[in-house]
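Chains as they are written, first to last, in UniProt numbering: chain A, 1 to 296; chain B, 1 to 373.
These are computed hints drawn from the structure, not numbers from a lab. Computed from a predicted structure; not experimentally measured. Ideal Cβ placement from N, Cα and C applies to all residues, glycine included.
To spell it out: a stretch of chain B is covered by chain A in this simulated footprint if at least three of its residues, at any positions, have a beta carbon under 8 Å from a beta carbon of chain A; those stretches are: (1) 80 to 88; (2) 91 to 99; (3) 108 to 120.
DEER-style ranges, computed between Cβ atoms: (4) A:Trp110 - B:Glu189: 44 to 54 Å; (5) B:Ser52 - A:Leu283: 45 to 55 Å; (6) A:Lys188 - B:Ser52: 23 to 33 Å; (7) B:Phe27 - A:Trp110: 16 to 26 Å; (8) A:Val278 - B:Gln88: 44 to 54 Å; (9) B:Ala141 - A:Lys290: 13 to 23 Å; (10) B:Arg26 - A:Ile7: 52 to 62 Å; (11) A:Lys188 - B:Arg142: 21 to 31 Å; (12) B:Asp318 - A:Ile7: 50 to 60 Å; (13) A:Lys188 - B:Glu138: 24 to 34 Å; (14) B:Asp192 - A:Lys188: 31 to 41 Å; (15) A:Gly102 - B:Asp120: 36 to 46 Å; (16) A:Ala106 - B:Gln373: 44 to 54 Å.
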Amino acid sequence: MRRLIVIAIPYLWLLALFLIPFVIVVKISLSDVALARPPYFPQWDWSAGWQGIRDFFAELDFENFIFLTSDDLYWKAYLSSAKIALISTFLTLLVGFPIAYGMARAPEHWRPTLMMLVILPFWTSFLIRVYSWMGILSQGGLLNSLLLSIGLISEPLTILNTDTAVYIGIVYTYLPFMILPVYAALEKLDGSLLEAAEDLGCSRLSAFWLVTVPLSRAGVVAGCFLVFIPAIGEFVIPSLLGGSETLMIGKVLYEEFFSNRDWPVASAVAVVLLLILVVPIVLFQRNQQKQAEAEA
Amino acid sequence: MPQKVFAPWEDQDEKPLIRFRDVTKRFGDFTAIDQINLDIYAKEFFALLGPSGCGKTTLMRMLAGFETPTEGVIELAGQDIAPVPPNQRAVNMMFQSYALFPHLSVWENIAFGLKREKKDKGTIETRVSEMLKLTRLEKFARRKPHQISGGQRQRVALARSLAKAPKLLLLDEPLGALDRKLREETQFELMDIQEKTGTTFVIVTHDQEEAMTVASRVAVMDEGKLMQVATPDRIYEAPSSVYVADFIGDVNIIEGKAHQTGDRLQVDWAEGQPALSAKTTDDYSLGQTCYLAIRPEKVAISAERPTGANVLQGEVLDIAYLGNISTYHVKLPTGHVIKAQQANTRRIARRPFTWEDKVWISWSETAAVVLNQ
Ligand SMILES: Nc1ncnc2c1ncn2[C@@H]1O[C@H](COP(=O)(O)OP(=O)(O)OP(=O)(O)O)[C@@H](O)[C@H]1O
Ligand SMILES: [Mg+2]
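Kindly generate the complete structure, drawing on both the sequences and the hints.
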């Protein structure tokens with residue numbers, strides 16, 4: 001009985017916080033937009049009994065999904081989001097791996113402090129941190145004043161409201177998600193393996209490629225998914241730091257929802273995004289499982 | 001047919017392959033290796049013996065290049081090796097922790113060093129299968145290290161270090177996890193390899209029998225110091241200190257005051273007991289403290305009073321039955337407990353002595369080694 005409860009809790013959690021909301025979203029995505037409150041049709045008519053339910057289902061259709069294919073804004077937004085997420089994942093890895101490596105190589109008594117420093121930014125509101133990047137990157141911002149004052153540039157750079165600012169924002173925001181799994185993998189790496197590799201004729205560099213890289217692979221893969229999956233649907237960063245031409249599906253979704261008040265289309269966008277993300281999420285699960293098996 | 005004895009350490013003209021000169025290694029203020037001077041000759045099978053934490057692994061790691069001496073010089077074939085990085089030393093090490101690559105199969109682990117040498121595929125394959133055969137791992141070639149047993153892992157580590165056939169091979173407890181039979185077979189394999197390839201072996205072991213079987217010379221270490229370096233039989237028969245005598249094999253130590261006449265030493269060891277006599281070539285001053293070290297197998301045990309140089313009476317306190325031999329712990333009236341060993345030529349039921357029997361023990365004048373420390 002106790003076991004049953006223990007198993008049931010996470011499932012109930014998923015049911016309440018994922019599955020039910022998802023079903024609601026799917027339902028809305030199959031509805032039609034309406035000038036009403038809530039702004040879609042049909043509504044569930046409790047009083048009409050069986051007939052009401054049948055009417056309700058008869059009204060649902062895939063119109064909104066078909067609409068998504070008719071306007072190339074949507075697939076372009078998906079594609080551009082995927083591209084931005086992919087590039088920023090790669091950049092995050094590029095920045096995060098050396099940091100994780102340095103942390104894992106640092107003296108043991110330093111490591112908790114370094115870990116703390118990586119997590120520390122989470123203690124400030126995400127929104128405030130993104131806003132402060134606006135202050136740093138804007139025309140008269142900190143970065144430009146600094147570069148101007150040391151004479152590196154003569155004209156202020158336009159960084160804010162470009163894709164570059166979006167990349168900076170995403171890399172900055174999701175860096176801890178990359179560092180932590182990579183660090184966990186590197187920290188576990190037994191130093192004597194590198195010694196063994198050197199003993200058998202490897203240079204430091206080839207020992208890194210032949211031992212460190214393959215053994216931290218699972219951590220790198222986990223980190224990449226943890227960055228890629230949220231980055232693809234990112235809304236705050238592109239809308240605050242990106243320009244008008246920065247096309248991301250999160251922004252499209254926001255606009256459909258709040259500007260157009262077209263809840264059904266917005267829901268359809270969200271459902272498609274989720275379907276797209278199922279692929280990397282399943283791959284991520286596989287990676288975690290394989291790693292768990294390798295460690296057993 | 002008289003065979004030439006392999007004993008380069010006795011030859012003045014012979015140049016050692018490895019030479020430690022006043023080597024000290026400190027970790028912080030802890031001295032792991034303390035002023036070691038040691039010569040190891042080519043084609044030796046050199047065993048390092050000592051209690052846990054005495055610095056055996058540290059000594060090896062300095063040879064492999066993972067630690068640099070704090071003081072002193074290590075020479076390999078006359079060259080100071082301090083500036084040579086580990087990957088350029090003709091030295092391979094088998095790690096105490098095995099250090100197998102978890103992401104590579106057994107086969108790839110063994111081939112790792114060969115691939116770094118850019119050997120062609122055929123050569124690598126032949127060599128790896130040779131090693132697999134030697135260590136009986138053919139069946140496990142495709143498995144990953146976490147899919148095999150501890151003893152099999154140890155053999156993979158051994159095979160990997162042997163694969164490159166280096167000039168100097170460092171084996172840190174290579175056979176500890178193997179069962180007795182496999183261990184003995186592997187010991188002979190190692191000696192065989194050594195004979196065929198002329199590789200110099202330095203081997204750490206906790207098993208003194210192993211050291212005795214395989215080694216050309218044995219070094220006994222304690223707290224970073226070399227206590228004695230000698231051939232196995234010298235270490236056993238003529239230990240230089242009580243520490244070495246006690247560390248290698250079983251031994252009875254009797255402390256007493258010396259009284260020397262010529263090469264004969266009379267040792268007063270207990271109030272009201274006749275002095276024990278032993279032969280020595282060293283000089284002892286009158287009343288100097290000395291120790292008699294007597295191996296249990298050199299102590300005879302009998303029911304009747306025997307004639308001999310040293311005869312004592314006591315009572316059987318305990319009997320340790322070891323299959324082929326039994327060790328009797330005999331308690332003397334003075335409180336000393338002397339161990340005497342006897343071969344079990346008869347079945348257990350007909351064992352001549354049992355608990356609390358009054359027995360006589362005796363040993364000859366030459367049986368005991370006299371030590372001054
Ligand atoms: N990197 C290090 N830092 C500090 N102390 C060390 C280090 N490496 C070894 N030591 C210390 O040096 C001493 C000798 O260690 P070593 O590993 O050589 O022992 P060992 O003789 O191989 O022991 P065992 O038989 O248990 O393997 C130990 O007391 C150990 O704690
Ligand atoms: Mg050791």
